[in-house]
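Here the protein sequences come in this chain order: A, B, C, D, E and F.
Okay, so the first sequence: first residue is 1 according to the working numbering, each after it adds one.
Okay, so the second sequence: first residue is 1 according to the working numbering, each after it adds one.
Okay, so the third sequence: first residue is 1 according to the working numbering, each after it adds one.
Okay, so the fourth sequence: first residue is 1 according to the working numbering, each after it adds one.
Okay, so the fifth sequence: first residue is 1 according to the working numbering, each after it adds one.
Okay, so the sixth sequence: first residue is 1 according to the working numbering, each after it adds one.
The hints are simulated quantities; they were obtained by calculation from the structure and are not laboratory data.
Careful, some of the hints might be misleading.
Any copy will do: because identical chains look the same in the list, a pair fits if it lies in one copy or spans two.
As the list claims (entries may be wrong) - Calculated pairs, DMTMM-like style, for lysine to aspartate or glutamate (alpha carbon to alpha carbon, straight line, at most 20 Å):
1) Lys42 to Asp30
2) Lys26 to Glu47
3) Lys10 to Asp33
4) Lys26 to Glu52
5) Lys26 to Glu70
6) Lys42 to Glu70
7) Lys26 to Glu15
8) Lys26 to Glu46
Number of protein chains: 6
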Amino acid sequence: MRLSTRNQLKGTIAEVHLGAVMATVKVRLDGGDQIVTASITKDAAEELGLAEGQPATVLVKSTEVMIGVE
Amino acid sequence: MRLSTRNQLKGTIAEVHLGAVMATVKVRLDGGDQIVTASITKDAAEELGLAEGQPATVLVKSTEVMIGVE
Amino acid sequence: MRLSTRNQLKGTIAEVHLGAVMATVKVRLDGGDQIVTASITKDAAEELGLAEGQPATVLVKSTEVMIGVE
Amino acid sequence: MRLSTRNQLKGTIAEVHLGAVMATVKVRLDGGDQIVTASITKDAAEELGLAEGQPATVLVKSTEVMIGVE
Amino acid sequence: MRLSTRNQLKGTIAEVHLGAVMATVKVRLDGGDQIVTASITKDAAEELGLAEGQPATVLVKSTEVMIGVE
Amino acid sequence: MRLSTRNQLKGTIAEVHLGAVMATVKVRLDGGDQIVTASITKDAAEELGLAEGQPATVLVKSTEVMIGVE
Numbered sequence: 001m002r003l004s005t006r007n008q009l010k011g012t013i014a015e016v017h018l019g020a021v022m023a024t025v026k027v028r029l030d031g032g033d034q035i036v037t038a039s040i041t042k043d044a045a046e047e048l049g050l051a052e053g054q055p056a057t058v059l060v061k062s063t064e065v066m067i068g069v070e
Numbered sequence: 001m002r003l004s005t006r007n008q009l010k011g012t013i014a015e016v017h018l019g020a021v022m023a024t025v026k027v028r029l030d031g032g033d034q035i036v037t038a039s040i041t042k043d044a045a046e047e048l049g050l051a052e053g054q055p056a057t058v059l060v061k062s063t064e065v066m067i068g069v070e
Numbered sequence: 001m002r003l004s005t006r007n008q009l010k011g012t013i014a015e016v017h018l019g020a021v022m023a024t025v026k027v028r029l030d031g032g033d034q035i036v037t038a039s040i041t042k043d044a045a046e047e048l049g050l051a052e053g054q055p056a057t058v059l060v061k062s063t064e065v066m067i068g069v070e
Numbered sequence: 001m002r003l004s005t006r007n008q009l010k011g012t013i014a015e016v017h018l019g020a021v022m023a024t025v026k027v028r029l030d031g032g033d034q035i036v037t038a039s040i041t042k043d044a045a046e047e048l049g050l051a052e053g054q055p056a057t058v059l060v061k062s063t064e065v066m067i068g069v070e
Numbered sequence: 001m002r003l004s005t006r007n008q009l010k011g012t013i014a015e016v017h018l019g020a021v022m023a024t025v026k027v028r029l030d031g032g033d034q035i036v037t038a039s040i041t042k043d044a045a046e047e048l049g050l051a052e053g054q055p056a057t058v059l060v061k062s063t064e065v066m067i068g069v070e
Numbered sequence: 001m002r003l004s005t006r007n008q009l010k011g012t013i014a015e016v017h018l019g020a021v022m023a024t025v026k027v028r029l030d031g032g033d034q035i036v037t038a039s040i041t042k043d044a045a046e047e048l049g050l051a052e053g054q055p056a057t058v059l060v061k062s063t064e065v066m067i068g069v070e
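One chain only, chain A, in its complex shape (with noise of 0.2 Å):
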């Protein structure tokens, strides 16, 4: 499936925290040390089977994304 949204950031999932109903994984970005933060539900964590050391995709829908400058 192709998806409108614009930002899919490649990575590996470097931490999985299970809450109880909320889950916080975090994913380092390819090319670079950032790190992207992820606050889902813990069934989307827990049946897509996410683990530490797995490549996966960032997903942020443009209309998300904020701007900083100095």
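Chains B, C, D, E and F: place on chain A using the hints.
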């Protein structure tokens, strides 16, 4: 100001496209060739004086991030 | 790619309206007469070649969904 | 109150799962078998008294909707 | 309809600016001089007949709110 | 850092509630008695050292704001 926003990625503005009330801004992330697109208001783009080649930070709240795996 | 995105609803594109940098796309959900409207970038609408009558999936992260009751 | 929110889909609550501070609520859409999952605060779920079998409206702002095509 | 949406702030519309498919609406919050800007669809702004001086409620899901501290 | 984020409202933290991986933070806006609730990660709440009585800024991207009228 320190922000609760988990994701603050460094990069350089690669393109600014102003529309009627919205604008799209593309930022090339440091340490790789990955591009992030932001849809922000035209007012914000103009007030910040965003321009190609300018260093910028991309900010995304963790609740807005999705994960994909093969 | 399998996505963490909880909501992936099947339907058919009913309308595509391109603006300056944004676009609105209406999708009629299968098995009912309910319509979902998406505001995406014009670039995404054009790259995907979205057109009336085309089957499409509507995706929404669960953190973006609100509930109302009488 | 009339809302700017474009997407207001009718359905019936199929499941409520309370966590520590968040809750997940599943709603079966009318006229089909499609399910929508919402991640809302536990406070909201409790204040609204959400319960299985209750009619409910699912609300999503159009800027939160993505489109996928084959 | 009662909503799960935690944030429902009262104010008065200070400005409506229609674009091609989007619109920006500024609302002055009651009891202060703080302004909130909303980016909604032009269709929503027109259907609601939004106009300067009109009382309005600003709604924001709690998962969309960030916190900053000095 | 100057941000594209249109909505930056001043207030004082009224409550911090930590969950398993998420937290809810309530902020009373200056110049009124209106409260804003934020759902952020527990990590963010802890790293910022958020505590009742602390001055704080509430940030919301304009694309996340909805409008309601009677």
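Checklist entry - For which of the previously enumerated hints does the structure constitute a violation, in increasing order of number? => result The structure conflicts with hint 1 only, although it agrees with all the remaining ones.
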